[in-house]
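Undergrad: What follows is the residue order along each chain.
2 protein chains.
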Amino acid sequence: MAKLNELTASAAARVLAAGEASAEELMLSCLDRVAERDETVRAWAFLDPELALANARAADASRAAGYTLGPLHGVPVGIKDVIETADMPTENGSDLFRGQRTGRDADCVARLRNAGAVIMGKTVTTELANQTPSKTRNPHNPEHSPGGSSAGSGAAVGDFQVPLALGTQTGGSVIRPGSFNGIHAMKPSLGLIPREGVLMQSHTLDTVGVYGRSVEDLALIADSMAAFDATDAFSFGGRRSSLGADMALETPAPRFAFLETPAWPQADDGAQKAIEGVVDGLGAGCVRESLPSPFDRILDFHAAVMAAEMVPYYGGMIDASPEKASEMIKARLAEARKVAAGDYVEAVLARGPINDSLSLLLDRYDAVLCLPATGPAPHGFATTGSAIFNGLWTYLGVPCVTLPRLSVEGLPLGVQLVGKPGEDGKLLRVARWLDRELGG
Amino acid sequence: MAKLNELTASAAARVLAAGEASAEELMLSCLDRVAERDETVRAWAFLDPELALANARAADASRAAGYTLGPLHGVPVGIKDVIETADMPTENGSDLFRGQRTGRDADCVARLRNAGAVIMGKTVTTELANQTPSKTRNPHNPEHSPGGSSAGSGAAVGDFQVPLALGTQTGGSVIRPGSFNGIHAMKPSLGLIPREGVLMQSHTLDTVGVYGRSVEDLALIADSMAAFDATDAFSFGGRRSSLGADMALETPAPRFAFLETPAWPQADDGAQKAIEGVVDGLGAGCVRESLPSPFDRILDFHAAVMAAEMVPYYGGMIDASPEKASEMIKARLAEARKVAAGDYVEAVLARGPINDSLSLLLDRYDAVLCLPATGPAPHGFATTGSAIFNGLWTYLGVPCVTLPRLSVEGLPLGVQLVGKPGEDGKLLRVARWLDRELGG
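Residue numbers (full-length UniProt numbering), protein chains in the order written: chain G, 1 to 440; chain W, 1 to 440.
Careful, some of the hints might be misleading.
Some chain W residues near chain G, calculated using beta-carbon distances under 7 Å [to be verified]:
#1 Ala308
#2 Ala341
#3 Glu346
#4 Leu349
No wet-lab data here; the hints were simulated from the structure.
Quick reminder that beta carbons are idealized off the backbone N, C-alpha and C, glycines included.
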């Protein structure tokens, strides 16, 4: 048997349920890996081994008393440090929140605990989930970035320090680290998972996402958190089917639409060749498509929305304590303040027509296939990499998955799939098919 | 009996239902008044007497055949020329739309026809329902403005040329002309009446409003149009009670909260004294109140929203044909393009907290009482008057009514009442009580 810390979350949950290992043993295995690697990878903003073990032992005690808490019973989860946790600090990667203990769980964390998850610790986020690089290193090569802003979650799962973790995406902060760290990641439809208790940067964009070691893992953790939040205008009501059940249905070979997207010219040659290899390998099952105007302007639309909404959420606090903010985020705020309101409103209004054209495309194909990033993790730590293959989908609120099935220059690169808003289960089903096809 | 054209709409509907007059006779009476006064007042953008009479005769024919079409059966209505009508042009007060015939009714117009109303003609709007003054004159003194942008609707009802009319309000375009022209006017809650087929200037603000000669008239016409529009994110679902029934309930003396509002320093002395006379007259039934911050910033918030949303709706068409737009609206567009996106987003986000504080106030009072304008209709035609006593309420989406019960320097001035969003029926009930109290 693989080491406990190397199991997928789904396999770990089965091992625990079968009594073949305890939650404490699983946690000890994860903590051993952290002890061995933390000096290099630096994925954790807060990790108290005793607290993590106590949480794991509590899960074992529940099971010993005859309770099955839920599908994540005993499985460790890392929480990006922009998401509130009752028993751990929430510092948002910023001196503005240094030492903050809110004493409460975000809605999604409470749901994870209710599903039996053991909250292991808080993973490193870039400053205010923005672009200032963090201390975290890529586990595949510590000279490279782990991406951002969910740097610690991506690196910790990629380094087998924890089987599952939460991230958030406003630009490309879930999918990009997923690709860079060689793991499975999902940014669900906007409004699938409640974001109450999560640092707000942009109400039109901010989305809670998940990391795991298989498509099944993504369904497992997302199902544990999916819920309607009546206080959030972007949360959607109606039926939330089981992603796990939808995913597990057998499917005939799906039809894929390959989109270069307007970000294509900025992709590395190696990344372009790698994804084209996938397209070619799928043969008639994958067709090169394009979307009509104004899709060609989507990068600008996303940038305008992200910048404009950052101003009211961050502007006041950074102005009040500029010494607690990096020069990078202050420069970004200054640029954000130059965005014209008319351009922002135009960008918000353009979402409807672009989503309509994407929907027409996805009436004829089962998923869009595209790059998840411009290339593998960049060397050095000047940036966390570009989000331009992600922001466009975040802007549309559509679900995205990345599969760790490519390699460029010895570093991982993902394959991104995109679905219709609200059709997260179908997207996972298609992703599972492709993941197997590509050797997963 | 008063002349037919001088009846309230409610009285006219009763006269017609009783067979004491025909729709044709009522229309002839209105057309006689137009013939007598149009050279002075100039309220109509399109009025074809033969078409108006044919529409009236059709209503009579239906009644003769035994049908009662609805509560407005045979009653003439003027339609602001930013609202589409199947049988008349819709020019939006702009050379950009000169001669436009869309061949279809706006949803609200279709609902009026379904209620039996006779569409009499299109009333003058300022250019694109904006601030450039129109050709229309105030019927109480043609040296004065009728206000804007619903200039023709306000003047035509104020001059007894038509008993009912539609307006639209983005800043103060329904309530201000109501006050200036000495009539009853209502800007309902945002989302009460569908705005499909109405020129869009600002999705956050644009609201269809109504003019009449009594509070009962306002309920009568608003009831005929209130409906949910699933295609409009600002339309609200749930129960739409009968405003007329709500209004007609007897009420104990209501409690009023008098708000100066941040616009107060810009009001004329005469207007301030007039409204304070109302406050004093109500004694213990009216208490001077104020709202906490950020209410003090509400004028800026409204201005930011109105300007920013104008850019994508009007910018492209004015840029493409600048010779068809006035210098005034071009200057306004240029200013609107300078609004920062962050300020716009802050303004949109601030609505919630301000509405919460207003709601707490209206838990303790039955309505807010305040000025509807800075004073009576301004002399001359350089401007249509200030909307700063209206824009703040349009921004909040709350229902407003003005009652023609004050007079300053021989010109009419209204009394404005404001209620909770969605509680339009209660607001009309309170308005009816106050209207009687003030001699109506």
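Undergrad: Does each hint hold? Answer for all of them.
TA: Here is how each hint holds up against the structure:
1. Ala308: Where the cut-off is 7 Å and the nearest Cβ of chain G is about 3 Å from Ala308 (chain W), the hint holds.
2. Ala341: holds, 3 Å
3. Glu346: At about 4 Å, which falls below the 7 Å cut-off, the nearest Cβ of chain G leaves the hint on Glu346 (chain W) intact, so it holds.
4. Leu349: holds, 6 Å
When each numbered hint is compared with the structure, no violation occurs for any of them.
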